[in-house]
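Since chain A is already given, all that's left is putting chain S on it; use the hints.
Those protein sequences? They're chains A and S, same order as listed. For the first sequence, counting from 1, position 395 maps to 395 in this note's numbering; every step adds exactly one. For the second sequence, counting from 1, position 203 maps to 10203 in this note's numbering; every step adds exactly one.
Keep in mind the hints are simulated off the structure, nothing from the lab. Please read all numbers here as calculations on a predicted model, not as lab measurements. Backbone N, C-alpha and C fix where the C-beta goes; we use that ideal spot for every residue, glycine too. Warning: the hint list may mix true and false statements.
Stretch by stretch, here's where chain A covers chain S in the computed footprint (C-beta under 8 Å, at least three residues) [said to hold, decoys possible]: (1) 10362-10373; (2) 10720-10733; (3) 10811-10821; (4) 10917-10926; (5) 10930-10944.
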Amino acid sequence: MNGITYGAVTRDILRPLFKPSAAYLGLLGLSLAIMAWGGYCWYVQLVHGLGVAGYQPPVFWGVYITTFVFWIGIGHAGTLISAILFLFRSRWRTGVYRAAEAMTIFAVMTAGLFPAIHVGRAWNAYWLFPYPNQRELWQNFKSPLMWDVFAVSTYFSVSTIFFYIGLIPDLAAVRDKTSGLIKKMYTHMSLGWRGTDRQWRHYMAAYGFFAAFATPLVLSVHSVVSWDFAMSQTMGWHSTLFPPYFVGGAIFSGCAMVITLLLPLSKVFKWDEYINVWHFESLAKMCLLTGGILTYAYAIEHYVAWYSDNPYEWGIFVFRATGEDYAWVFYMMVFCNCIAPLIWWVKSMRRNLAVLFVVSIIINIGMWFERYNIIASSLAHQYDPASWVFYAPTWVEMGILIGSFGWFFTWFLLFIKVMPSVAVAEVKELLRPPLKSDEEAAA
Amino acid sequence: MSIDRRDFLKALGVAGAATAAGCDYNSPVPIPAPLNFLEDPYVPYEKVLPYVVQDEQVVTGVRNHIATRCDECSAGCGVVASLREGRVTQVEGNAREPISGGNICAKGVAGIQATYSPDRFTGPRRAGQPTTWDEAIQTIGGALKGAVGGIAWLGRPRTGSLGALIGRVLGAGWGRIAMWEPLGPDALRAAVRALWGVENLPTWHLAAAHTVVSFGADFTASWLSPVEHSRGWADSRDPAKGGFVSRTVFVSQRLGSSGVLADVHLSPQLGAEVDVALALAKLVATKRSYTGPAASAFASVDPAAVATKSGISAERLEELAGWLAEHPSAILPGSATDSSDPTALATAVMILNEVCGNIGKTVRFGDEHRVAGFASTEQVRLLLEDCAAGKVKVLFIDDLDPVFNLPTGIDVAAALAKVETLVVFANEENESTVDGAWVLPPGTTVETWGDATARTGHYVVQQQAMRPLHDTRALGDILLGLAKVAGVPTRPPADPATELAVDPAAAVQPAAIMGPDVDAPDYKSWLVAWWRAEVWATHGQPGGDFDSWWVSTLKDGGFFPGVAEAPAPAIAPVAAPTVDGAPAGDGAYTLMVFAHPFLHDGRHANKPWAQEVPEPVSSYAWTTWAEIHPSTAEKLGLTKTDTVKVSANGAEIEVDWFPSKGIRPDVVAVVLGNGKKKGGRYTRYGANPMRLLTAATDRGGAMRFVTTKGSVAKTGKERTNLPYLGSLDQQGRYINYVVSKDDLGTGDKPGSILPHHHPPVDERLTKAGLNDMFPEPNHPTYRFAMAVDLNRCTGCGACMTACHSENNIPVVGPEQFAKSRYMGWIRLSRYWEGDGETPDVRFQPVMCQQCSHAPCEGVCPVLATYHNIDGLNAMIYNRCVGTRYCANNCPYTARRFNFHTYRWPDSFNLMLNPEVSTRDMGVMEKCTFCVQRTREIKDRYRDQGFTVTVPHEALDELTACAKACPADAMVFGNAKVPESTVARQFAEPRAYAMLGELNNKPGVRYLARINHIPSLAHHGGQGEDHGTGSHDPAKSGGDHH
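So that you can see chain A by itself, here it is in the shape it has in the complex (with noise of 0.2 Å):
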């Protein structure tokens, strides 16, 4: 980055915060079209009830909580990238931290409409919240899924919070170049940033807090979810394994995901001087440690079913790969999850980008299979043979899944377009301080 002035990064971050383009209402559109299918589906199956999902008892979760546990795992990478490598003094992290930030951020707000979707009376879903009420009801702290409402509320709000105090200085940028309305708005925003040294010493001071204070929810947010189903009696969930292969996977996942967005954006805004291949190799390094530990994981898990001697566990894991109703979703996950990543060990490959964004996409899908996989299969067959069933989703469920992408880059678009998705103050730092000498060298 060298011989770019701290104007020119200004310019260059803030340049798609002006004038929307045709694409990109485009985009806009399609999103929100793709949003508003999926909130048609919801409102048919409100209305006529869950049967018109594909629920098969037992089956009686599906798609839904795939999904839901596929936008917690998206969800991992942006605090992941933004507290954890902060706080390890990661430097590549700068170019790309604000936008994967903006992404779990995004994706946990996808997660948290599928508990409501997923639930048989939705109209009542903030009973699992507990809140002092006439009727004297209170809630189960011995439920998984009343962890799981903590950790995951906990988990977006510092994750907002943390996101918010990042774009502080880049929102008073932006505000330094507006006017009328909107620098009002932006004033407001940067809560009177003045760059002043005061202000950036408790700034760091706040910024390293909630780094560290959001690192442990980072582990924390994908072991609970895990518990939803380790806590569980049902065989191929009850696992001791699952906190850590979970958070694995959600790294995993969730970096392939910031590959998948962050390259067409640094591709069509030219940011090639703040996110460039040296990132996208990093990340890529990421996945292919997580996507080691997942490996293990799945491998260990086999294992120990067969060790246990259990019936209905080993029953379980011979049917996901042999059972001719989900062996597909296994191979399928064995393939993206296992396989493909492992490209990336070739460093020319984990430097071209065509091969980076396709096997990026490729994990996201090898990890919404891993999530079908254990619980569809899991559920399909049960302790007691008698109930075993086949469970496949149905056109609301799937028009539900692909509306929760338009809601999720419904905002992603938005986002980009009215906050910096690099962050220019970090940016910055990166540069070597413009000095008189070089001034006076100039003239």
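For chain S alone, coordinates are given in the frame of chain A:
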């Protein structure tokens, strides 16, 4: 603002008036007509009105019980109708009536749906148009007058005062009467008549039989007296009852509802079953040195030749003959549908009973089934021929559907079209309510008076239990009205024998035409007069005066003096029955049909419970299916999602198929009951296999159903009806145990006779109290529990149906059923463990196990399910959000979820049990151990004082399922009381907790089924091909359909 007292009262008055004005359940909205199992945005409009004058017997909120009669089959059980606020909401067994013994079968439970059916005729109809009763009686009565000699009656078997009235009105020189049961025991009657010269049927008392041999009769489901047989069979298997465990043998080409209970299955070549019976008779005769008159029948039989012909080895015949010779046995002939020559088979089987010495012991005359005077199928065929020839001017059809129930070889519709005045007594449309007919709805059993004497020494009275829902008139009242208009002589003929019977060759009369004056003002007076004359008077005027005897008779549901032990009649010397005709046709497979255990011949097809409760063997509902042997299916290239086309005699039907290991590979059997062309809204499914059969009768006048060879092919269409149960077998898992008879009582501690796949619990952990994370919940007074004796269970489905009735379980319809969304709280699991000839079919009713450490309770985020003080996993529907985590976490998969709001079409909503709330969409539900009943009985006893707890005897049959169970396999109770039946069952060495290794501490224990396979040690008790008892994961690959 300040409010003084006046203002306050004014405001209160206005508010009160406004509230009163809106005091309806719902705003008035139209009720839509179309069939819709799912949500229906409209709710019926009902007003809440108080009684103006309250009936003294009616206390709001308190049930009345009225003893009455079940008319779903001809067995003659009594039932108790249970009323709330003037509506019968349920029928249960009548414990004072000896045939049912207080139990009831699935058909009996579902009988109540006939009353509340939304498809009932609301009044009399003439040629499809509503008419008045006056017009009907006058017109038909007038027609009767001009049709003497051309009047005929075709109806269900009627006995008692109604049978007498029919005979009195229509038999008295007027016409001919054919009372007929479509799948009835014509063949057995012919055989008994030929052998003993007796017109009635013996009864089977299975409890004393060490070997029960059936030549195909589904004696626990549809043959003669299923409830009685179920109990007898269960008693014979129960070592606690007779000190022995009976062996069940089936000699049949297929295994049906009862066939799957067999310990030994001998599958003879078609037509060879008669020879097998005779060969067995010969072998037993040799062993028992029998030289009676029946010996002439099998003198020339060569057992070795029979072994060759039938394909059953001589050793097996010898072995079976050994069992029969050694101990008392009971041998049952086939049902109507089980042999190509049913009369020959029945004759051979009765000879075998004679040789085994069963007559008078397990097969008794005396309390016989009264069938004298009833018509055989041949007589019905002749009657219909006369109709077709125009000889019958007035034909009455009473509660039968001959168009549907007879094969196409008899063109019933054309015959009916020739009748000038056709009168059909039917509450609902069926194929025989043809266009030009008079349709007179006679009301249902709970709406009308009636009676039956299905057995000698057994009089059941049918009390009217509620006001008729529609403008109906009881059959007896219609007949009395017709008699008046037509001018039937008021007094009985002086000499019935000479005055009656226009055509003695074809006419069939009830055994005795008797009874009081037809001038009776109404049928009830006729009935009472008949009982006074025929029951009270002939039984020595019990009770002194008639009125008090009559009241006690009504309370008991009838009069059951029983019969003195009658000596066995002498058998006539007979020749060996010859077998007529082999199945003909150009197909590769012999076609058989069989009665559906719930729909029977189709008469119950419009009852949604009978349709939706999964048929126990196949677990199919809402469809017709063909049983096909797996090897045949493989040859035909059938997959589990295929449908098949069965064709014969130029007709074809498309049906689903079920892989039955119990059927011969050269036979295909199709279930009866569905596929009505005309009928109620629930009958529009499946196909009618009668369309494929020709109408041949054998020499005994019985229908020969097994006459046709047909072909079977894959249609290529994907099936929409899927079975309810997943895997056919238990995949080597330990869900449903069996135990060898030899190992009974050898366990050194309870439960130890059953194998465990799981490592035993670490004793050190147990000692340290570390097995459980949480202490067991405290159950201070009650621990409600249930024991299910799988050794007694016949897999009849009565528990499931009774549960529907008690707990307002909705009917979801075929589309939802195909998605496994059946809502019944009991799943009758069926595992077909045995391969080849020896079936090892295991039934297991699985309901909520009410665990003490329930996996469902911990995971509910809103505490909608919790553990209560009585040991129940209580469920708060209103609190449920519908996360469905509880259901995921239930290893028994006992929970059901309301995926939609399932509605009861009018007037089924009147049948709902007011003590149980109905559930809306999005809510989880499950078995509650009939919490409304436990609460009710606890309250009743607590009213006697705070310290009074319910005595354990009062709980034994409290739940609807345990009360219904015809085999008495289910026992409910308080496990805290060691003397209670349930606690004693828990302590049995055969008792085990389902998936006990999970340590959920369930409140249900199963008692393992006892089999005759020599010893557990050799095969792990898991059937022949699951030898090691270890898991066989290779099989777990999607082996469901």
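Violated hints, by number in ascending order, as checked against the structure
1, 5
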